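From just these sequences and the hints, can you work out the full model?
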Amino acid sequence: MASQQQLTTIKGAKVLMVGAGGIGCELLKTLALSGFQDIHIIDMDTIEVSNLNRQFLFRQSHVGQSKAKVAREAILKFRPHINISPYHANVKDPDFNVDFFKQFNVVLNGLDNLDARRHVNRLCLAAEVPLVESGTTGFLGQVTVHVKGRTECYECQPKPAPKTYPVCTITSTPSKFVHCIVWAKDLLFAKLFGDKNQGNDLNVRSTDDASSSEHAEDVFERRKDEEIEQYGRRIYDHVFGYNIELALSNEETWKNRNRPKPIYSSDTLPNGLAQQNGNMDKNYATDDPSSVSAMASLGMKNPQDIWSLMENTRIFLEAFKLFFVKREKEIGNLTFDKDDQLAVEFVTASANIRASSFGIPLHSLFEAKGIAGNIVHAVATTNAIIAGLIVIEAIKVLQNDTKNYSELVFFVVEHLAPCVLYLMLAAPECDICHVEPHEARAPNGRCVVPVDPFENLAMFVSEVLSELPSPITSGTAVTVEDLKQELTCNINIKHREEFDEEKEPDGMLLSGWTQASPEEKDDNKSVGNGVGASDASKTAPVEVDKNDEMGSGSGKKRKLPEVSEAAVQDCSNVNDKSINHKRLELVEDDDDFLMLDEEPGIYKKKKLQ
Amino acid sequence: MDGEELTEQETALYDRQIRVWGADAQRRLSKAHILVSGMKGAVSEFCKNIVLAGVSSLTLVDDRIATEEALSANFLIPPDETVYGGKTLAELCCNSLKDFNPMVRVSVEKGDLSSFGGEFFDKFDVVVVSCCSIATKKMINEKCRKLLKRVAFYTVDCRDSCGEIFVDLHHHRFSKKKLEETIECELLYPSIEWVYYSYSGCQFSNELYLLIH
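These protein sequences, in sequence, are chains A and B. Take 1 as the starting number for the first sequence in full-length UniProt numbering and just add one per residue. Take 1 as the starting number for the second sequence in full-length UniProt numbering and just add one per residue.
Hints are computed from structural coordinates only; laboratory data are not their basis. Incorrect hints may have been included.
[What the hints assert, rightly or not] Straight-line alpha carbon distances no greater than 20 Å define the calculated EDC-like cross-link-like pairs of lysine to aspartate or glutamate that follow:
hint, chain 1, residue 1, chain 2, residue 2
1, A, Lys77, B, Glu68
2, A, Lys301, B, Glu69
3, A, Lys301, B, Glu10
4, A, Lys338, B, Glu68
5, A, Lys11, B, Glu10
6, A, Lys338, B, Glu8
7, A, Lys77, B, Glu81
8, A, Lys77, B, Asp160
9, A, Lys11, B, Glu69
10, A, Lys326, A, Asp305
11, A, Lys77, B, Asp99
[As the list claims (entries may be wrong)] Over the 10 Å line for every Cβ pair with chain B, so calculated as not near, a few chain A residues:
hint, residue
12, Arg54
13, Lys69
14, Ala116
15, Pro158
16, Asp201
17, Arg257
18, Met300
19, Gln304
20, Val325
21, Leu510
For clarity, every value in this text was computed on a predicted model and none was experimentally measured. Glycine included, every Cβ here is placed at the ideal spot set by N, Cα and C.
The structure is reproduced here in structure tokens:
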């Protein structure tokens, strides 16, 4: 297939693969078949059963072993003379520095998280090595090529932030099942089985703040000589009954929302029935904590079933009991793990009971696990297609084929139509790939002043803000981000001529507050209870340390009132427009199927009532 | 629909793909029987994918003896001549494919596919044909279309950087969810003979649907 010249290029290429999972296995196979002979592969994970449906280099017997190492062995079975160097390590390890990256002709990503992708992007820019990025979810996938100076880098396009929810939606006014999951996982499960020293928003604040916080400390602790069943019911009644009654007492909250119903265990699972709750023998028979399961104990086999309120109650109480009886040592140290069957059962049951209370549809364990565990759905075929595209692009990169590569983003969409091809031309205005000292572009008001804290800070500090290329004066909104973009700070500048030398020796004053959790951004839809979300968010006030330096501290967004946010939002919109971005769409009506024009009229579509 | 549940083992193994196409589709897959003829690169890829997906059985037909050339785009063939020497492509691929998913029964059928009668094809739900003449493809397609049971028919071939695929699902009924509604749809597929006759040499692409019956 390839020309002689291509074959030579391929043979001499040194390739780094980051990730040996879904994409990685297919990619390694395709690289090997295409004639590549020197491949390095980094992956920190070990093999799990759920990988085996698509990571075909692995077998049941490999579960628990290093992906990178096993992948290499599997490939060598049909291409014994290739050099494959596996690293069972985290690509963020300092060993994988710029010099390490410099030895490669191209880097191919098969990662599953934004953080690692950003990290690799920056290293590739620093090492000036081309990067072929990719990702898949279900039937969707894409491949992008990033070459410093010629194309956008991976971070030129803003990536969507992970979904978060306002605290009060979780604690008081859930409207979707996912809110109940978050409550069950991050509040209830954490409170009962996690680190006791962690702050927890579990108890709804009533009008009577003082008494409730003290009261709360006692409630979740097991009382002396308290029977486990009684303890379980007491907790159940507290979170699903008492706390709901408490929330209902605040009339204001429910003016425009459906009222939740308090739920008590004596109603959902009368004591008589409870005696039949659970065949503990099934669990006593084994000492293995990981096989302990409330479903097994209760003879409930199908994770796809949607349990009734009574069944959920049974699972709740049984799982609760099993944690204390079979896994007592772990209590206080547990964090939710999607592969922990008992934890998933407990969270599912808790979320369902809460959902029931708020009139939200219940979900099966299977569905709940996916939501709670952020499981990415995946099949082999998408990865295979994407791997093929990666290699095609990689070969172009290696040949320096500037005309044909570098601008293609290929979206593979189910049903073949619609299929969208994006052409991204160069000339990005990206903070990451254009970091020059003191260089600031100001497209329509947005000014970016990159500062390397170790080299340029001294120079930077001596400058006058108003004399920067894009001046910072009174009324300017400044966004401060650190190099890793994990910490952000928005500052509204107000100029003042005089400062008190004693009280304000720095000649500046920093004031404001941090949010407990970031605002939900796209919360304009009314869901379920028919309420617009804008009135729902109350931020929990937090003490501000006035000595806190910019960009350091808790990693939470500081927010001054509306002006600053509006300013930042305007800037980010403008920034999007200023990126040179052409789009070529093959548009097909979602209803139609891809057929040729001259197709004789045998295509039929009936709508049956 | 079907009373049988997936086993615990299946649920654990197929978790990620069940989240894509649902438990019902997975159950149907677990009952499907696939016939494949012509073990070249694209077909090997297909075999890998369909075995991973968890069908009931996969039957391979290819009596050609393995050569070094056959290795080049086929990762299912071991490179050691002492291992592959003298064996047919179907046998070698079968041995490799068995490993990918112990729950799928992979086997070899010897003989010339075009000589098999309709009752042979009736054992399968899906027939995939590659590396054979147009006449053979037409003949097999006709046999499949004559059966009472719907047997889905595919041909696939690759050459250099071009690939072609033909799909014949005969009279295909399926449901489509749109918002809250479920719409019943039907598609009538032409035979490969009709296509070749009408388009005299043009490549024709039908849409590829997930194999569900």
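Verification of the supplied hints:
no.	hint	in the structure
1	A:Lys77 - B:Glu68	15 Å, holds
2	A:Lys301 - B:Glu69	50 Å, violated
3	A:Lys301 - B:Glu10	13 Å, holds
4	A:Lys338 - B:Glu68	46 Å, violated
5	A:Lys11 - B:Glu10	41 Å, violated
6	A:Lys338 - B:Glu8	17 Å, holds
7	A:Lys77 - B:Glu81	13 Å, holds
8	A:Lys77 - B:Asp160	25 Å, violated
9	A:Lys11 - B:Glu69	19 Å, holds
10	A:Lys326 - A:Asp305	26 Å, violated
11	A:Lys77 - B:Asp99	13 Å, holds
12	Arg54	6 Å, violated
13	Lys69	18 Å, holds
14	Ala116	20 Å, holds
15	Pro158	27 Å, holds
16	Asp201	30 Å, holds
17	Arg257	24 Å, holds
18	Met300	12 Å, holds
19	Gln304	5 Å, violated
20	Val325	24 Å, holds
21	Leu510	47 Å, holds
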